[in-house]
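Whenever a hint applies, use it, and build me the whole structure from the sequences.
In terms of the numbering used here, the sequence shown opens at residue 65 and continues consecutively.
Keep in mind that the hints were calculated from the coordinates and are not lab data.
Positions of the beta carbon are idealized from the N, C-alpha and C atoms, including for glycine.
Be careful, since some hints might not be right.
Cβ pair distances, simulated, as ranges [said to hold, decoys possible]:
1) Gly129 / Asp95: 29 to 39 Å
2) Ala93 / Gly129: 19 to 29 Å
3) Pro81 / Gly121: 15 to 25 Å
4) Pro81 / Ala151: 35 to 45 Å
5) Leu76 / Phe136: 17 to 27 Å
6) Met65 / Gln117: 11 to 21 Å
7) Ser101 / Pro81: 30 to 40 Å
8) Thr106 / Pro75: 26 to 36 Å
9) Ser88 / Gly121: 13 to 23 Å
10) Glu138 / Pro81: 32 to 42 Å
11) Ala98 / Ala119: 16 to 26 Å
12) Pro160 / Ala93: 30 to 40 Å
13) Glu72 / Pro116: 29 to 39 Å
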Amino acid sequence: MPGLAPAEEAPLVFDKPAGRIAQSVMAGAMDRNAVLSFYNQTMPQLGWSRAPQRAGGSASFLREGEELRLEFVEPARAAVSAAKAAATVVRFSLIPR
Numbered sequence: 065m066p067g068l069a070p071a072e073e074a075p076l077v078f079d080k081p082a083g084r085i086a087q088s089v090m091a092g093a094m095d096r097n098a099v100l101s102f103y104n105q106t107m108p109q110l111g112w113s114r115a116p117q118r119a120g121g122s123a124s125f126l127r128e129g130e131e132l133r134l135e136f137v138e139p140a141r142a143a144v145s146a147a148k149a150a151a152t153v154v155r156f157s158l159i160p161r
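What follows is the structure, given as structure tokens:
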């Protein structure tokens, strides 16, 4: 998404027999609602369907046995300086269902 950039945390990718697990953290001076709006509009075009609203205003999308979770997290001090005082930090997690 334009306006979000990788935070300092390294992406995590793990393959297992039941499916892959991947995680990445992005940060930027974006409003949480703008991030949710972007993904609510974009993900269905890529074949993902919206799952019921998650706690804390996070979002989930489902496709072919996988779940993509967008979780808004409090920025760590190191990540904030790296992301230039990011207003929003999002953890993206792809997990098998």
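Hints versus structure:
1. Gly129 / Asp95: 29 to 39 Å: 32 Å, holds
2. Ala93 / Gly129: 19 to 29 Å: 35 Å, violated
3. Pro81 / Gly121: 15 to 25 Å: 33 Å, violated
4. Pro81 / Ala151: 35 to 45 Å: Hint holds: Cβ distance 39 Å, inside 35 to 45 Å.
5. Leu76 / Phe136: 17 to 27 Å: 18 Å, holds
6. Met65 / Gln117: 11 to 21 Å: 19 Å, holds
7. Ser101 / Pro81: 30 to 40 Å: 36 Å, holds
8. Thr106 / Pro75: 26 to 36 Å: Between Thr106 and Pro75, where Cβ atoms are some 20 Å apart, the hint is violated.
9. Ser88 / Gly121: 13 to 23 Å: Hint holds: Cβ distance 19 Å, inside 13 to 23 Å.
10. Glu138 / Pro81: 32 to 42 Å: 34 Å, holds
11. Ala98 / Ala119: 16 to 26 Å: At roughly 20 Å between Cβ atoms, Ala119 and Ala98 fall inside 16 to 26 Å, so the hint holds.
12. Pro160 / Ala93: 30 to 40 Å: Given a distance of about 33 Å, which is inside 30 to 40 Å, the answer is holds.
13. Glu72 / Pro116: 29 to 39 Å: Holds, at about 32 Å.
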